[in-house]
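Q: Listed here are the chains, written in short residue letters.
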Amino acid sequence: MSEQLHDLRLTVNGVAHALRVPARRLLSDALRHDLGLTGTHVGCEHGVCGACTVLLDGLPTRSCLMFAVSAVDVDITTVEGLTEADGTLGAVQQAFLECHGLQCGFCTPGFLTTVTAGLRQHPTPTEDDARDMVAGNLCRCTGYTNIVRSVLRAAELAGGEA
Amino acid sequence: MKPAPFAFVRPQGLQHALEALAADEGAKVLAGGQSLVPLLNMRLAAPTTLVDINGLPALDEVLVSDEGVEVPALARQADVLASTAVRRVQPLLGLALAHVAHATIRNRGTVVGSLVHADAAAELPMVLALLGGHLRVASTAGTREIPADELFAGPLESTVRHDEIAVSAFFPALGADEGVAFAELARRHGDYAMCGAGALVRVEGDRVTRAWVAYLSVCDVPTVVDVELDDVGAEALAAAAERALGRLDPVGDVHASADYRAHLARVLTVRVLREAYDDARARAVGGRADPLGGRADPLGGRADPLGGRADPLGGRAESRP
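Same order as they appear, the protein sequences are chains A and B.
So the first sequence is numbered by our numbering: it starts at 1 and just counts up by one.
So the second sequence is numbered by our numbering: it starts at 1 and just counts up by one.
Check before you lean on any hint, since a few could be wrong.
[What the hints assert, rightly or not] A few chain A residues that face chain B, going by a derived Cβ cut-off under 10 Å, partial list only:
hint, residue
1, D29
2, R32
3, T53
4, T61
5, V69
6, V72
7, D75
8, A91
9, F106
10, G110
11, A117
12, D132
[Said to hold, decoys possible] Computed footprint of chain A on chain B, listed as stretches where at least three residues anywhere in the stretch have a Cβ under 8 Å from a Cβ of chain A:
hint, segment
13, 5–17
14, 32–38
15, 100–108
16, 166–175
[Unchecked claim] Which stretches of chain A does chain B cover? Using the computed rule of at least three CB atoms under 8 Å from a CB of chain B, they are:
hint, segment
17, 16–26
18, 42–51
Note that these hints are calculated values from the structure, not bench results.
The C-beta atom is built at its ideal place from N, Cα and C for all residues, glycine as well.
Please take these sequences and the hints and turn them into a complete structure.
A: Set out below in structure tokens:
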């Protein structure tokens, strides 16, 4: 017997998408496999690593701990939605580039979404704030030093320090 | 790392949700999913139906009164943590919630879901047990209240029946003569604690009249001990910790041996009793309005959990009779 499929509409980065998926399709997999938005990375698939973090109505959320069928009434923002309208990098992306806040890049989408929301809460973070902001995301390359610098630089670029 | 197949319902009304749950013995309620979905992904659980209650109306309004805090099924941990009214009426909730996983998890995770999940390593079951709160559950047969001391049956096992939905949890207010404290030790910030403890101390003047300590991550269920404290000198506190240990049965695992857990329980017992006593005394003279606001760094480097979500519950999800 084939698995029942559900028709849904997901709003991702301001665009409505129609898709047909089984109930067990994780939001992370729906974004990657069904919508082709492979910027969202899938690491541990049990909520620990933070690579799959997307914004739901602006709040960071693990897309691997949610089913696509449950994400029907929210605005989803993925890393693809963090660039400016003209295609240039957003402040957080630019800061990670300038400060070498990434090496292999696997964890980066989760950091970018998390920090984007974090800076809305704390536009002028201290170094401690910056560390706390990214405490739920794992990076195995950088040792976090440059990520913390990136957070502080992103706050400057976004005008929080002005 | 993908869940087994399941049927999915997303009811728009409570009655429909209860019927869907009653119709399948293998059905499970999905709220925040921050504990349930990992279990599904790892196939440690394989419910045949998931009843997603996130579409149900009127289950996100936290009610704060002089009696206490009533948290409905869809109130997210982040919103409860950010509420100054909640922290004023029952400060232990905020103190403990600041230790629940990471902010990202708290954005989605619910207070009630954590209680039903009944993880003895989680903070909120311990808080409900220590405060003597209760859970309100509904089924097609009606509603009932489960007192905290009848709620936790074993590791990851609550007495909520398969056809019931936990609709709200009630946390009693802090009394005028009471103080609270919370402490836990985890290997990494945001991880499950190797040991955690909360204290509720009642005073009359500078004298302790009653004192309880509750533990997480020590036994198979959250455990509350009346430590029969009458003095807060070092000797009396150490004796209280020994009395508590006599009532605990620390379990060993890959994170901490039983002996180490017992050691941590001793140290934390003394610490939280002292802090809760100081808290009660400070409150008695009006010096402790908001423990999260008043302490140096209760939120791990965060100036104010409200920052940015200035008053997430204001006007929307909070009403105070």
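Q: Hint by hint, note whether the structure agrees.
A: Results for each hint:
Taking 10 Å as the C-beta cut-off, the interface hint given for A/D29 holds, the closest approach to chain B being about 8 Å. For the restraint placing A/R32 at the interface with chain B, the shortest Cβ-Cβ distance is roughly 13 Å, beyond the 10 Å limit, so the hint is violated. Satisfaction of the interface hint for A/T53 is found here, the shortest Cβ-Cβ separation to chain B being roughly 6 Å, below the 10 Å cut-off. The interface hint given for A/T61 is met, as the beta carbon of that residue sits about 5 Å from the closest beta carbon of chain B, less than 10 Å.
This hint holds: A/V69 has a C-beta 6 Å from the nearest C-beta of chain B, less than the 10 Å allowed. A distance limit of 10 Å between C-beta atoms decides the matter here; for A/V72 the minimum to chain B is near 8 Å, and the interface restraint holds. For the restraint placing A/D75 at the interface with chain B, the shortest Cβ-Cβ distance is roughly 14 Å, beyond the 10 Å limit, so the hint is violated. The interface hint given for A/A91 is broken, as the beta carbon of that residue sits about 16 Å from the closest beta carbon of chain B, more than 10 Å.
Nearest Cβ of chain B to the Cβ of A/F106: about 16 Å, over the 10 Å cut. The hint is violated. For A/G110, the interface hint holds, since its Cβ comes within 10 Å of a Cβ in chain B; the closest pair sits about 9 Å apart. Interface hint status for A/A117: upheld, as the beta-carbon distance to the closest one in chain B is roughly 9 Å, under 10 Å. Taking 10 Å as the C-beta contact cut-off toward chain B, the hint placing A/D132 at the interface holds, the least distance being around 4 Å.
Coverage of the segment 5–17 of chain B by chain A holds in this model, with 5 residues showing a Cβ closer than 8 Å to a Cβ of that chain against a need of three. Remark: the segment 32–38 of chain B is confirmed as covered by chain A, as 4 of its residues place a Cβ nearer than 8 Å to a Cβ of that chain, reaching the required three. A stretch counts as covered by a chain when three or more of its residues have a beta carbon under 8 Å from one of that chain; for the segment 100–108 of chain B and chain A the count is 7, and the coverage holds. For the segment 166–175 of chain B, the proposed coverage by chain A is not satisfied: 0 residues have a C-beta within less than 8 Å of a C-beta in that chain, short of the threshold of three.
With a cut-off of 8 Å between beta carbons, the segment 16–26 of chain A has 4 residues touching chain B; three or more are needed, and the interface restraint holds. Only when three residues or more bring their CB closer than 8 Å to a CB of chain B does the claim for the segment 42–51 of chain A stand; here the count is 4, and the claim holds.
Checked against the numbered hints above, the structure violates hints 2, 7, 8, 9 and 16; every other hint is satisfied.
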